[in-house]
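Chains A and B supply the protein sequences, listed in that same order. 0 is the number of the first residue of the first sequence in numbering that gives the first Met the number 0; add one for each residue after it. 0 is the number of the first residue of the second sequence in numbering that gives the first Met the number 0; add one for each residue after it.
Calculated from the structure, these hints are not laboratory results. Given the structure is predicted, the values throughout are model-derived calculations rather than measurements. Where a beta carbon is used, it is the ideal one built from N, C-alpha and C, also for glycine. Possibly wrong hints are sitting among the right ones.
[Unchecked claim] Now the in silico label distances, taken between C-beta atoms and shown as ranges:
no.	chain 1	residue 1	chain 2	residue 2	range
1	B	125	A	103	29 to 37 Å
2	B	65	A	12	49 to 57 Å
3	B	19	A	83	18 to 26 Å
4	B	66	A	179	26 to 34 Å
5	B	62	A	11	53 to 61 Å
6	B	178	A	102	37 to 45 Å
7	A	161	B	220	54 to 62 Å
8	A	83	B	1	48 to 56 Å
9	B	151	A	106	50 to 58 Å
10	A	225	B	220	54 to 62 Å
11	B	82	A	77	28 to 36 Å
12	A	83	B	71	49 to 57 Å
13	A	124	B	206	27 to 35 Å
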Amino acid sequence: MIRAEDIWHSYGRGYVLKGINLEVRDEVLSIIGPVGVGKTTLLKILSLLIKPKRGKVYIGGESSMDLRLRRKIGFSHQNPFLFDATVYENVALPLKVRGEYDKKRVEECLHDFSLWEIKDKRARELSGGEIKRVSLARAFVQRPEILVLDEPMTNLDPEGIKILERKIREFKGPVIMATHELYKARGLSDRLLFLHDGVIYEEGKPEDLLDSPKGIKTALFSGMNIIEGEVRGKEEGINVVDVGGERIYVASERGLSGKITLGIRPEDVVITKGEKKSTRNTMRGKIKNIVRRGPVSEVEIEGAFPLKALITTKSLEEMDLREGEEISVLIKATAIKIFEDEIQAQGKLKDKI
Amino acid sequence: MELVEALGRALYLLVSFDKEVYTIVGRSLLVSGSALLLSSLFSFPVSSLLSFSSFRGRGALLSIIRTFYSLPTVCVGLFLFVLFSREGPLGFSGILFTPYIMILGQAILISPIIMGLLISHLGKRWEVFETALSIGATRRRAVILTIFDARSEVLGILLLSFGRAISEVGCAIMVGGNIKGFTRVMTTAIALESSKGNIELALSLGIILLIIAFIINIIAVRLER
Numbered sequence: 000m001i002r003a004e005d006i007w008h009s010y011g012r013g014y015v016l017k018g019i020n021l022e023v024r025d026e027v028l029s030i031i032g033p034v035g036v037g038k039t040t041l042l043k044i045l046s047l048l049i050k051p052k053r054g055k056v057y058i059g060g061e062s063s064m065d066l067r068l069r070r071k072i073g074f075s076h077q078n079p080f081l082f083d084a085t086v087y088e089n090v091a092l093p094l095k096v097r098g099e100y101d102k103k104r105v106e107e108c109l110h111d112f113s114l115w116e117i118k119d120k121r122a123r124e125l126s127g128g129e130i131k132r133v134s135l136a137r138a139f140v141q142r143p144e145i146l147v148l149d150e151p152m153t154n155l156d157p158e159g160i161k162i163l164e165r166k167i168r169e170f171k172g173p174v175i176m177a178t179h180e181l182y183k184a185r186g187l188s189d190r191l192l193f194l195h196d197g198v199i200y201e202e203g204k205p206e207d208l209l210d211s212p213k214g215i216k217t218a219l220f221s222g223m224n225i226i227e228g229e230v231r232g233k234e235e236g237i238n239v240v241d242v243g244g245e246r247i248y249v250a251s252e253r254g255l256s257g258k259i260t261l262g263i264r265p266e267d268v269v270i271t272k273g274e275k276k277s278t279r280n281t282m283r284g285k286i287k288n289i290v291r292r293g294p295v296s297e298v299e300i301e302g303a304f305p306l307k308a309l310i311t312t313k314s315l316e317e318m319d320l321r322e323g324e325e326i327s328v329l330i331k332a333t334a335i336k337i338f339e340d341e342i343q344a345q346g347k348l349k350d351k352i
Numbered sequence: 000m001e002l003v004e005a006l007g008r009a010l011y012l013l014v015s016f017d018k019e020v021y022t023i024v025g026r027s028l029l030v031s032g033s034a035l036l037l038s039s040l041f042s043f044p045v046s047s048l049l050s051f052s053s054f055r056g057r058g059a060l061l062s063i064i065r066t067f068y069s070l071p072t073v074c075v076g077l078f079l080f081v082l083f084s085r086e087g088p089l090g091f092s093g094i095l096f097t098p099y100i101m102i103l104g105q106a107i108l109i110s111p112i113i114m115g116l117l118i119s120h121l122g123k124r125w126e127v128f129e130t131a132l133s134i135g136a137t138r139r140r141a142v143i144l145t146i147f148d149a150r151s152e153v154l155g156i157l158l159l160s161f162g163r164a165i166s167e168v169g170c171a172i173m174v175g176g177n178i179k180g181f182t183r184v185m186t187t188a189i190a191l192e193s194s195k196g197n198i199e200l201a202l203s204l205g206i207i208l209l210i211i212a213f214i215i216n217i218i219a220v221r222l223e224r
């Protein structure tokens, strides 16, 4: 078990981390958030590589920057550094510095990470993906009690990702990783933590955090469409909200009033050609941009307000959608999320500062 | 013409392996090599501490080290002379006018250069140090791994410092006294012999000094590649 208690850290001006509290048991915790919010700093503090300005890290109940505790953690850097030696020597080094060199263990690890074929290659001859694999092998060969991985999937080839996913699933102990790969994190993690501006902005199960986030910042990060509007009243028990001159119907159990913020998941935005009107929220729009991302494509739509839609590339091709084309946009009233005021994290932070 | 003649005689001294010339050269290498070793024993641990630790006054210490890059050799000589003269606080040691104090003087002279450059190169390798820590190395082992990673730069620094030590004359002449067969090194011999009019010996030593500087330079350039 690893626990961080009221962690504050700064590199000079202003705090990068502002009172982080967290506890990770035998589970996979993924830390997500935009760049520069303190993910790497937090991971390095949890790995006892950086001493925080304030607060403590407990490894199995003990707190110190002691070598004995540091050796319980396997850490992999976002941009790993390999020593000027062969792949084999790099993977063996964690055992050698401990005086626990075990040829069999190193060879096993090299096979596990598909590095056996390139074991005699020198570090400078490796590709980015190979470097990442060596760095991960180096973290695993130590047989750590806790795994801390900083962006482990960045630069990793598909085979490497598969290996890593398997190794993480097999690992018995706390795994903490920072990642930008939301979909991978979703499948792999027991818990997600959204870090923003040095505080834990929101945390929860992956499906809760990504599908129905409580905070606007989490929603924006997860790719949700965020729009602002003003409640105009009710029609047949459904709230009517004016967004950029367009009437949007929003289903809500409680009564709404004044200015509100709404969230729509891109996969809930349906695109049709022609002027079909099968749901209450049917608007006209124009395709601004199409980004193909493998089996799924992102369509940017211009209309009364900007929207992003996610559709399968197959549908995109079947419908023969093109940039500049006029389309109809359909959104179910029940698919629109209403955001409360900014979540409590900010309030708590203000109290501390 | 006189210069050409002198040069010819100097070359003869070199190729005939003149005992006096080569004794002086050997002593120079021994004194400066020892100074380099002494300085390294002190400078490496201090530089490692300053590179990978943060404490109050670190910046001020770094500024002081950089200021001493261009420490005048005669100042070091004067300082040691006062300290180790018979009336001085360390006069009892009796090392004034011996090779030992010359070694000490040259070590003082090159320590700021070794420390300053080493700190600058190690400081750029924070990721190496951190990686070493993350794989379970002790701080000491992490420092060694980092220095090993910077080995070509470190060798360059050592060569540069050795060059500075072997080519200085102010300190060596003040605290060594240029005693024939005991504290006479290349630079002090060149200074004395040329003032005595013994241009051949001065020139032959000068040529050797230049050759040493040239070899050091070639090795340093190769290492940088």
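task: List, from low to high, the hint numbers that the structure doesn't satisfy.
output: 2, 3, 4, 5, 6, 7, 9, 11, 12, 13
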